[in-house]
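Participant: Each chain, written out:
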Amino acid sequence: MSIQFTCDDKQTLIAYLYGEIEPAARRAIDEHLARCSACAAEAAALGGVRAELGLWMPPHAELDFAIVKKSELPPSNVLRPARWRNTVPVWAQAAAAVLMIAAAGAIANLQVKSGPDGLVVSTGWMQPALSERSAGDAASSRVEQPSDQEWKSALVAMEQQLRSEIRSTREQATPATARGSADDAMMRRVQQLITEAEKRHSQELAARLIDFTRDVNMQRRADLMNISRGMVSYEEQLQRQRQMINNVYRVSATPQQ
Amino acid sequence: MVATDEELVARSMQGDVDSFNQLVLRWERPIYALAYRVIGRDEDARDVAQETFLRAFRALPGFKGQAKFSSWLYRIALNLCRDWIRRKKRTPVVDMPEGVDVIELAAAQGPVESIEDLVARQEMSAIVAEGMKLLPDEQRTAIVLKEYHGLTFQEIADLQGCPLSTVKTRLYQGLSVLRRHLESQGMTKYEG
Numbered sequence: 001m002s003i004q005f006t007c008d009d010k011q012t013l014i015a016y017l018y019g020e021i022e023p024a025a026r027r028a029i030d031e032h033l034a035r036c037s038a039c040a041a042e043a044a045a046l047g048g049v050r051a052e053l054g055l056w057m058p059p060h061a062e063l064d065f066a067i068v069k070k071s072e073l074p075p076s077n078v079l080r081p082a083r084w085r086n087t088v089p090v091w092a093q094a095a096a097a098v099l100m101i102a103a104a105g106a107i108a109n110l111q112v113k114s115g116p117d118g119l120v121v122s123t124g125w126m127q128p129a130l131s132e133r134s135a136g137d138a139a140s141s142r143v144e145q146p147s148d149q150e151w152k153s154a155l156v157a158m159e160q161q162l163r164s165e166i167r168s169t170r171e172q173a174t175p176a177t178a179r180g181s182a183d184d185a186m187m188r189r190v191q192q193l194i195t196e197a198e199k200r201h202s203q204e205l206a207a208r209l210i211d212f213t214r215d216v217n218m219q220r221r222a223d224l225m226n227i228s229r230g231m232v233s234y235e236e237q238l239q240r241q242r243q244m245i246n247n248v249y250r251v252s253a254t255p256q257q
Numbered sequence: 001m002v003a004t005d006e007e008l009v010a011r012s013m014q015g016d017v018d019s020f021n022q023l024v025l026r027w028e029r030p031i032y033a034l035a036y037r038v039i040g041r042d043e044d045a046r047d048v049a050q051e052t053f054l055r056a057f058r059a060l061p062g063f064k065g066q067a068k069f070s071s072w073l074y075r076i077a078l079n080l081c082r083d084w085i086r087r088k089k090r091t092p093v094v095d096m097p098e099g100v101d102v103i104e105l106a107a108a109q110g111p112v113e114s115i116e117d118l119v120a121r122q123e124m125s126a127i128v129a130e131g132m133k134l135l136p137d138e139q140r141t142a143i144v145l146k147e148y149h150g151l152t153f154q155e156i157a158d159l160q161g162c163p164l165s166t167v168k169t170r171l172y173q174g175l176s177v178l179r180r181h182l183e184s185q186g187m188t189k190y191e192g
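Protein sequences appear in the order of chains D and L. Residue numbers for the first sequence follow our numbering, beginning at 1 and rising by one. Residue numbers for the second sequence follow our numbering, beginning at 1 and rising by one.
Heads up, none of these hints are tricks.
Calculated pairs, EDC-like style, for lysine to aspartate or glutamate (alpha carbon to alpha carbon, straight line, at most 16 angstroms): (1) L/K68 x L/D5; (2) L/K68 x L/E155; (3) D/K69 x L/D16; (4) L/K64 x L/E6; (5) L/K68 x L/E6; (6) D/K69 x L/D18.
It is worth saying that the hints were derived from the structure and are not from the lab.
Bound conformation, chain D alone (with noise of 0.2 angstroms):
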C-alpha cells in the first residue's frame, strides 16, 4: 500500500522539513513536491526561513552559575548568641530557684504546722468551716497555735529542705526524677522552650545569612557582566571608528578619475 501525500498536510510536511518521518512517507512527498510547484517553493520557502534562523544568536554572557556548599559560607556560631545560663553564676541560679520556689509557695498558701504529729505542711486557700471555729473555741485555738519560735524553727527545717532538695537535684544527671514536682515539670518546660526558641532563632540566622550571600554575590556577578559588557562594546565601538577612519582615509587617498 502506497503512502499518498496530499497539498493541504502540513504537519506531514513539517515532518519531512524536520526529518522526522518515515522513509516511505519521504518517497512519497519526494514524488510529490516533484509534481506539485506549489509545495515544492512552500517546501524551499520553509527551509530559507530556517536557515534565516540561524543568524539569531543570543549575546555573549559570562554566567558560571555555581551551587556554593554550605561549609563555605561562614559558620553559623559567630553571630550565634551566647545561652544566658551559662553566664549566669551557679550561686546566682540557685537563688533564683530559692526564689522562684517560696513565690510559688506564697501563691499556693503554703503552711507549716509543727504539732504532735511532727511537722505539717499544706497548701490551698481552703479554709476551714467556720462552725469548726467558733466563738466558744477561740481561746484554745489561740492555745494551739505555735509560738513564734516555733514558726522560726519550722521555717528554718523548710529551707534545710528545700535547700537539700536543690543540691540532690543538681547533682543528679537525669532531671526527672522519682519526687519531680510540678516546679521541676514547669522549670523543664521553660528550658525546653527557650532551648527550642533558640534553636529556630539560630536557624533564622543562618537562612537569613545564606539569602544575604546570595543576593551579594548576585549583584557582584552582575555588576561584574556590565562592567565587562561596557568594556567589550566600548572596544567594539572603537573599533568601528578605526575602521570608519581607516575607510576615510582610503577613500580620499585614492586618486579622482
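With chain D fixed as given, assemble chain L onto it according to the hints.
Facilitator: Chain L only, in chain D's frame:
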C-alpha cells in the same frame, strides 16, 4: 572519561555538590539561550537560568529519572519563562544590536567586505529576532526548542503538554509567520 548526565545526577543525589556544579557548567549556556530566545531580555534570561538551577538543585531528591535530566531542566526553565511572561504581562522584547549607524556610515564612505558582512549579519539577526517577537508564546517556544535545541516533536509535546500534532501545527504556523515577516522586510523572496 567524561561522566554522563545520569552519573552526575546520581552523585549529586548522594550529596556531591561538585557533581551538580558540573551539570550546571554543562547546561547553563543552553538554558540561558533558551530563556533569552523565549523572553528576549538578557538580564531576565540570566535570572531565569540561575533560578532554574537553584530549583533543580532543591528538587533533585524528587527527580526519579523518568525523563532525561536536560528535559527536566528545560521544563523548569520553560515554566519560569512562562511565569515571567505572565507576571510582566508583556510580550518578549528583543535587544537590538547597537552601533549600526557607525558601521553604515563607514560602509558608505568606502565599503569593505567584512563590514558589509557584519552589517548584513546584524540586520538579518535583528529582523529574525523581530519576527520571533511576533509569534505567540507557544509557537515561539516550539520553534526555539526545535531549531536551537534539537528536541524531537515528542519531547516538545511532552514539555508543552500538548499532542504531537499540535507541535507540528505550531511549527508550521510559526515558520509561515516568520516567512511573511522576512519577506516584508525585503529579505530573500522564498517563493519559487
